[in-house]
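Novice: Chains H and E are the protein sequences, given in the same order. Going by this note's numbering, the first residue of the first sequence is number 1, and it counts up by one from there. Going by this note's numbering, the first residue of the second sequence is number 1001, and it counts up by one from there.
Among the hints, a few may not be true.
Claimed, not checked - Straight line, CA to CA, 16 Å or less: simulated EDC-like cross-link-like pairs of lysine to aspartate or glutamate:
1) H:285 - E:1489
2) H:212 - H:183
3) H:179 - H:219
4) H:179 - H:36
5) E:1541 - E:1557
6) H:285 - E:1463
7) E:1514 - E:1463
8) H:285 - E:1337
9) E:1514 - E:1489
Calculated from the structure, these hints are not laboratory results.
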Amino acid sequence: MDPKTYDVHDVDVAWCPGCGNFPLLAVLKKVLAGLDIPPERVIISSGIGQAAKTPQYLACHYFNGLHGRALPPATAIKAVSPDFTVIVESGEGCSYGEGGNHFIHTIRRNPDITHIVHNNMVYGLTKGQASPTSARGFVTPVQTTGVFEEPFNPIAVAVALDAPFVARVFVGEQNHAVKVLQEAIQHPGYALVDVLQPCVSFNKVNTYAWFKQHTYVLDTSYDPTDRAAAFRTATDPERFALGVIYRTERRTPFERNLSAYAANPRPVRQRTIPHECIQAILAAKTV
Amino acid sequence: MITAHTTTIVLGGEAGQGIQTVETLLVSLLRAADWHVFATKEYMSRIRGGSNSVTIRVSRRRVQAYAEIPDILVALDASALAHLEPRIAPHTRILGDTAVLGSARRITDVPFQAIGSALGSALYANSAAAGAVLGIFGVPFDLVSAHLQRRFSAKKAEIITGNVEAARRGYAIGAELQSSGGLRPPAPPDQPAGRELLVNGAEAVAIGALAGGCTFVASYPMSPSTGVLTFLAQQAQSCGIIVEQAEDEIAAINMVLGAWYAGARGLVTTSGGGFALMVEAVSLAGAMESPLVVHLAQRPGPATGLPTRTEQGDLQFALYSGHGEFARIILAPSTLEEGMLLTQRAFGIADRFQVPVFILTDQYFMDTYYNIPTPELPEAEPLHIVETDAGYRRYALTPDGISPRGIPGYGSGLVRVDSDEHDEDGRITESMAMRVAMVDKRLRRVSVLTAEALPPRLNGPADGSLLVVGWGSTGPIIAEAIAGLGRSDVGHLHFTQVHPIHPTAAGILHSARKVVLVEGNATGQFGQLLALHAGVDISDKILRYDGLQFSVEQLQEEFTRRL
């Protein structure tokens, strides 16, 4: 399928020139086209922020909800319509800060969705405050003497929670990113893809050059099914590993755990409750 | 005794003592013996200990309201007497074990504990207590025995025998009290009602949800709303629906909005504090024009308040919840039948009008049960969705403000819903002209909602000596209190839809000569809405906010004072 299938015309793009969201948008189109998933079979749930505007510029169904709350609707959408590809797209403030509790519990619940987190280590739309992943010492108009909090490590948290698929990509490595994202979508269960990208307007530290210097692509000798190794890789204090950091086949996706699908594969959106079912409940309560 | 045809029994004891087992036993068996029954409870927020009570009314006629003064008080421990003291009337017969309660009061000694101990376990005391009450009412003992055997069928044989024997000994004492002890229950109903539905408020709301086509439930447990979640979870497999306990209320309501978007019908059930966390998503429903059904079981606030008590204190909170301006509907069932029918209705109208619909109940309503004829539940309204095409626009501007709703997977169009202000396609816009068009569109449906509102129910004259105005769970209590006055010049105007208020309300209220408002809160919240939307300022209010429901006796006294 041609990535242009996902183009949206006549739209006023709200991103700054040179924004790291542009290459990611291009990557996403290639990912979906490469997997032959037509726009009408893709639902993107997004939060609020510049990253969360991605589905506005992509031909797909979308649910552009609240800041921090993209995961719960996505979980429900996948449960009601398991026959769709469901993607969550949002920034690190939305996914790890405002929505931190959902991040933890969505991994526990394990819906078969792909969670793409645009991570530029700064709050862009609110004009340059620290984000949960900003490095210590990062100075902003609010963190005037520099961030003193320890940066949030989403990869280590996801590995600790035994997320079925945990990966990191960099928008400067587009072909690599396409391959990893395709694997993420195909992997059953929750898949986290943390995307390193620069914010050209508000982050003068974590630039393209900085990311090039501080990342490396995992080679074929790396075994992503080794959880202890994954944890060591995730907590490397020097450099960010790119690629599939952890993967497991042990977890059953949320939808498959639901009793609603135990004997009936029909998507819940196509169901009604049989009248006999209600009659039976009433009969059981009749004295 | 309020009336000659009804006996009010109150059971008092501590949590964990089996008081609920006794309640279930009595209500099921008295019902099986064709009595009309009503039961409700008040309890402390703890797992064991404290002092709790259950009120059971047994009647020749239908009974649907709480009365506070017991004809028979069964005290299972000494603290029950102290706790229930304010409710004891001169005619109240107190049954209890004087070895436990002491003999300071005139207590009819029924040695529950001794019976239990003699049979090998103090736990059998509950069956002895239930047996005594059933003996008073002359419920055939083979019914009692069969019920106990069913109930304890999973236990060892000696436990079954112990309970049946304890009930038999209690029963003998009860029968004796009836024949020679001056404890005369009303005669049984002349015309047995036959088998009827026996559900509590939580079950009524849950059944109504299923009848409304609810296929997705997400919630976080919170008293007193949890019963709805529990009941639906137990039906999930057989009905083929999804029920999920979310990590918090924020996740729950956002899941439910996702479920509606994808084509399910979703419900959240919660209470004040949990609902407070959901409020941003109520606003999201407003922006997205998503249908949404929220069951809000009220308890006294602010904050944690009284977790296990009742109040009608969250009406205006529900009404004004969510930033920005958008339409909504608030329903407040007064009877269990309405609990079912209005919840069913909520799903249809939420879907049809693409608005949040609230079912406002309270702890009293959740925990109250009585027998009703099984209602004819109509088929659920079909999903109000359209098949989309390539040119589909989710927010197409329409004369009534309601755009045809599409879902992903039905038709070839793309369905885009947005929290940001958006254009007809659902894409973010900052066009001020579009902003105004969208606000107007979202609010245009208010006139449709008002026209479709449920009118208030008027019983008796509006322009008599007194018109009593109430809403929600107080309905049957007000009705019985008025009936007890024995006067035809007192009217009752009751609202089961409290927003938008039906246009007929203003005319009825304006024609009244003397009006009194009954509300379970401290500020007369519904009265304020009537002033605002019906132009009637009711200065005379009967308000209660101590955590307990109004009783028939209390209201009868209040009404009498005004006549």
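Novice: Where does the structure disagree with the numbered hints, that is, which hint numbers, in rising order?
Specialist: Hints 1, 2, 6 are the ones this structure does not satisfy, whereas the remaining hints hold.
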